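Participant: Residue-level listing of the chains:
Number of protein chains: 2
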Amino acid sequence: MKEIGVGIIGLGIVGSGVYETLMQHSEEIARRTGVKLAVRKVADLDESRSRTLGVPDGVFTKNAKDIINNSSVDIVVELIGGYSPAGEYIVDSLNNHKHVVTANKALLAKQGAELAELASKNNVDLYFEASVAGGIPIIKALREGLAGNNINYIYGIVNGTCNYILTRMTYEKMGFERALKEAQKKGFAEANPTLDIEGDDSAHKLMILASIAFNTRIDLSDIHVEGITKLTHEDVEYADDLGYVIKLLAIAKRTGNEIEVRVHPTLVPKSSLLAYVRDEFNALLVDGDIVGTTMYYGKGAGKLAAASAIVSDIIDVGKNIQFGSPLRVKPFAHANNCKIKNIEEIRSLYYIRFTVLDTPGVLGHISSVLGKHGISIASVIQKAQHHGKHVPVVMMTHEALERDIRNALTEIDTLNSIKEKSALIRIA
Amino acid sequence: MKEIGVGIIGLGIVGSGVYETLMQHSEEIARRTGVKLAVRKVADLDESRSRTLGVPDGVFTKNAKDIINNSSVDIVVELIGGYSPAGEYIVDSLNNHKHVVTANKALLAKQGAELAELASKNNVDLYFEASVAGGIPIIKALREGLAGNNINYIYGIVNGTCNYILTRMTYEKMGFERALKEAQKKGFAEANPTLDIEGDDSAHKLMILASIAFNTRIDLSDIHVEGITKLTHEDVEYADDLGYVIKLLAIAKRTGNEIEVRVHPTLVPKSSLLAYVRDEFNALLVDGDIVGTTMYYGKGAGKLAAASAIVSDIIDVGKNIQFGSPLRVKPFAHANNCKIKNIEEIRSLYYIRFTVLDTPGVLGHISSVLGKHGISIASVIQKAQHHGKHVPVVMMTHEALERDIRNALTEIDTLNSIKEKSALIRIA
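Listed in order, the protein sequences are those of chains A and B.
Residue 0 is where the first sequence starts when you use numbering that gives the first Met the number 0, and the numbers rise one by one after that.
Residue 0 is where the second sequence starts when you use numbering that gives the first Met the number 0, and the numbers rise one by one after that.
No wet-lab data here; the hints were simulated from the structure.
Fair warning: this is a prediction, and the values are worked out from it, not measured in the lab.
A portion of the hints provided could be inaccurate.
Computed list of lysine-lysine pairs in DSSO-like fashion (alpha-carbon distance at most 30 Å, straight line) [to be verified]:
1. B:109 / B:338
2. B:318 / A:120
3. B:269 / A:269
4. B:109 / A:329
5. B:35 / B:338
6. A:269 / A:64
7. B:35 / B:269
8. A:1 / B:329
9. B:318 / A:318
10. B:184 / A:269
Here's a subset of chain B near chain A, in silico, CB distances under 8 Å, partners left out [claimed, not checked]:
11. 82
12. 147
13. 151
In this text, a Cβ means the ideal position worked out from N, Cα and C, and glycines have one as well.
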């Protein structure tokens with residue numbers, strides 16, 4: 000059995016996990032799958048990481064080129080993240096006819112299509128299961144396990160940091176700021192959490208998921224992105240009263256040849272399994288036209304969850320090398336040319352929280368503006384009566400066009416009886 | 000692009016679903032995956048099914064041999080079920096160097112190991128994703144998506160009929176018999192439901208799952224099987240009070256080189272996502288040593304759910320044909336030689352319901368027998384007091400050895416104050 004040579008660039012948390020997994024499991028993997036993996040080189044700028052892992056002499060290098068140009072390396076595993084030099088390393092590896100496994104969602108979201116083309120041109124594989132939802136084999140499910148289906152939609156909880164924060168806000172009745180601090184203390188949020196809490200990380204993953212699910216090219220700028228920073232504990236409580244849990248969802252939907260791709264806080268009904276996905280876990284609800292609704296759940300981040308996906312990718316690519324079948328599964332197919340809807344063109348149910356001066360007739364005013372824009376109200380909550388004070392009024396709408404909702408809110412927010420900008424959250 | 004010839008044996012519900020899916024989706028599938036599928040022949044004893052589907056002249060046959068011996072057929076899809084003639088058809092197809100896709104769990108559970116060997120000998124593929132949990136790509140997840148992991152355990156809800164019945168018993172406060180009747184009326188249980196409600200169908204699926212997860216040969220007779228027919232509504236309600244939902248689980252666990260494989264009603268804590276898997280849905284909780292806990296959810300049965308898995312298998316095998324990589328994934332690896340525990344050797348938490356004559360000292364009696372056998376009690380429910388009458392007493396134990404529990408119950412059930420055989424349910 001030919002040994003498959005593996006080179007790992009980056010011995011951070013995930014890289015160390017991959018190294019350890021390969022050291023501990025490669026014999027069992029060979030027996031189970033017929034693929035014999037050998038780590039030939041690992042590269043990192045910091046040699047102490049290599050020493051901690053007990054990497055043998057001659058295997059460690061500070062220079063990534065020693066991997067990219069190494070004739071004994073078949074698969075380059077890029078785990079340094081970021082755009083540069085990771086992008087150059089991947090390009091050079093592909094051009095050197097090395098197969099590449101990566102978890103670099105930011106890079107893929109930016110130039111996945113070009114990298115996929117380069118891989119195809121060089122007749123080598125580019126695998127990236129770990130780029131979305133950690134250890135959950137969702138990319139494999141979309142490309143292979145559900146290959147007979149046209150995908151109708153994906154609802155994904157794909158950012159563990161946000162889900163941890165929202166779980167604290169929901170079950171421990173705390174506001175966003177306090178929940179974020181706790182997430183940082185527990186290691187579920189970074190010191191600079193912007194990429195996570197503003198929804199950009201989810202958008203990177205959604206670009207990858209939707210491109211594969213719909214086989215169409217999607218650019219990051221096509222995705223409408225809202226983070227969780229403006230959510231209040233009040234909204235979380237109203238949602239609970241109404242039978243919903245607020246989650247940050249990455250949503251991809253296809254209707255005919257039109258698709259919508261968006262990331263935003265969403266009211267998820269408690270009748271959905273997604274409502275029970277808590278803490279740092281991820282989950283993806285995938286609806287296919289043949290299979291119906293399926294769900295995939297697991298840890299979305301962390302040393303070993305990502306290592307599981309990366310090692311499974313390495314095994315897959317290893318099989319392709321053994322069987323001489325590179326590009327058996329193309330990184331992206333892009334066979335369709337779907338039209339991407341602007342956010343104003345989507346239709347949804349909506350949760351709206353108004354802050355109104357509690358005077359007679361104010362509810363009538365709001366309703367008539369909504370009605371004028373063709374929006375019908377499904378339910379209203381107005382809890383306490385405090386005549387002459389500002390109180391919250393919560394409404395749930397029937398399905399409406401986002402443009403109509405926006406126009407109605409712009410008009411309502413200018414009313415004298417409205418104290419502040421109304422809060423708008425979409426409902427799944 | 001070479002067209003891949005497909006022959007379908009059996010145009011029942013699933014076979015019709017596969018035919019329709021291939022007719023409607025093959026162009027999209029070709030664009031998405033690069034595999035061009037053509038249905039060359041379909042066989043059924045009943046020609047009217049073929050007419051209903053609009054199968055063109057020359058494609059229908061009443062004779063399965065017209066498929067098995069057809070040089071234009073690359074992949075034989077066996078969907079008649081049962082042991083014979085399905086077994087002979089598969090054997091003949093493999094010997095004719097045809098690849099085989101099947102959903103026949105009963106046959107695989109009985110002679111999967113032999114069929115796998117025959118496929119290997121003939122250098123052709125034998126795929127069977129649809130044999131377990133319908134459209135959920137769980138076999139692919141175990142063999143490929145989680146390939147880097149040693150699997151610690153699988154907890155599976157793999158029988159939609161039982162889960163539908165248990166859901167009715169849990170949420171509509173009905174007994175087993177009435178829930179079964181409703182399931183039959185709604186089409187979720189067959190007229191003769193024995194195979195489902197006695198747990199045998201779940202055991203077939205567990206044999207397949209555990210063989211793959213642990214890479215060891217497991218025979219159907221190795222599996223301890225209990226169905227749901229003896230469950231009472233009383234137990235469902237006590238479980239609810241204690242924070243649990245009763246599910247029929249197919250459990251496979253590995254500890255070192257020892258494995259346990261069992262199917263039985265189980266108390267699932269409401270903190271587990273499995274507790275929220277309702278109606279006819281299936282789900283599998285899979286714990287791997289690298290990835291941690293993951294879950295897979297979807298429809299376990301029905302025309303199209305199964306068709307999704309079968310068509311995805313056909314695409315996979317089609318790729319193997321295109322790339323000349325048959326046996327890229329072996330049907331079963333069987334590289335390990337695990338010892339299978341007898342049910343008496345397992346350790347679990349237990350729920351026990353005693354029916355006792357409510358007299359002073361009876362609880363003390365029971366506790367002392369349990370204590371003598373090394374079993375410690377975690378909690379007790381004894382609701383109403385009816386001196387001199389028979390009342391239920393429910394206990395939850397800490398982890399105990401099944402043999403000890405059984406010995407203790409045998410002793411307790413002979414006590415004068417015990418009216419009937421005590422009910423024992425394991426806790427997940």
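Participant: A separate judgement is required for each hint: does it hold in the structure or not?
Facilitator: How the hints compare with the structure:
For the hint pairing residue 109 of chain B with residue 338 of chain B, the CA-to-CA distance comes to about 19 Å; that is within 30 Å, so the pair holds. As the CA atoms of residue 318 of chain B and residue 120 of chain A are separated by approximately 20 Å, the hinted pair is consistent with the 30 Å bound. With a C-alpha separation of about 14 Å, the suggested pair residue 269 of chain B and residue 269 of chain A falls inside the 30 Å cut-off, and the hint holds. For the hint linking residue 109 of chain B to residue 329 of chain A, the alpha-carbon distance of about 37 Å lies beyond 30 Å, and the restraint is violated.
For the hint pairing residue 35 of chain B with residue 338 of chain B, the CA-to-CA distance comes to about 44 Å; that exceeds 30 Å, so the pair is violated. Simply put, residue 269 of chain A and residue 64 of chain A have alpha-carbon atoms about 51 Å apart, too far for the 30 Å limit, and the pair is violated. Pair hint residue 35 of chain B plus residue 269 of chain B does not hold up; C-alpha atoms about 46 Å apart against a cutoff of 30 Å. Proximity of residue 1 of chain A to residue 329 of chain B is assessed by CA-CA distance (about 18 Å); at most 30 Å being required, the pair is judged to hold.
Simply put, residue 318 of chain B and residue 318 of chain A have alpha-carbon atoms about 13 Å apart, close enough for the 30 Å limit, and the pair holds. A hinted pair counts as satisfied when its Cα atoms are at most 30 Å apart, and residue 184 of chain B with residue 269 of chain A qualifies at roughly 28 Å. Evaluation of the residue 82 of chain B hint against chain A yields a violated restraint, the C-beta minimum of about 27 Å exceeding 8 Å. Of the supplied interface hints, the one on residue 147 of chain B holds, with its beta-carbon coming within about 3 Å of a beta-carbon of chain A, less than 8 Å.
Interface hint at residue 151 of chain B: violated, since its Cβ lies 13 Å from the closest Cβ of chain A, which is beyond the 8 Å cut-off.
Checked against the numbered hints given earlier, the structure breaks hints 4, 5, 6, 7, 11 and 13 and satisfies all the rest.
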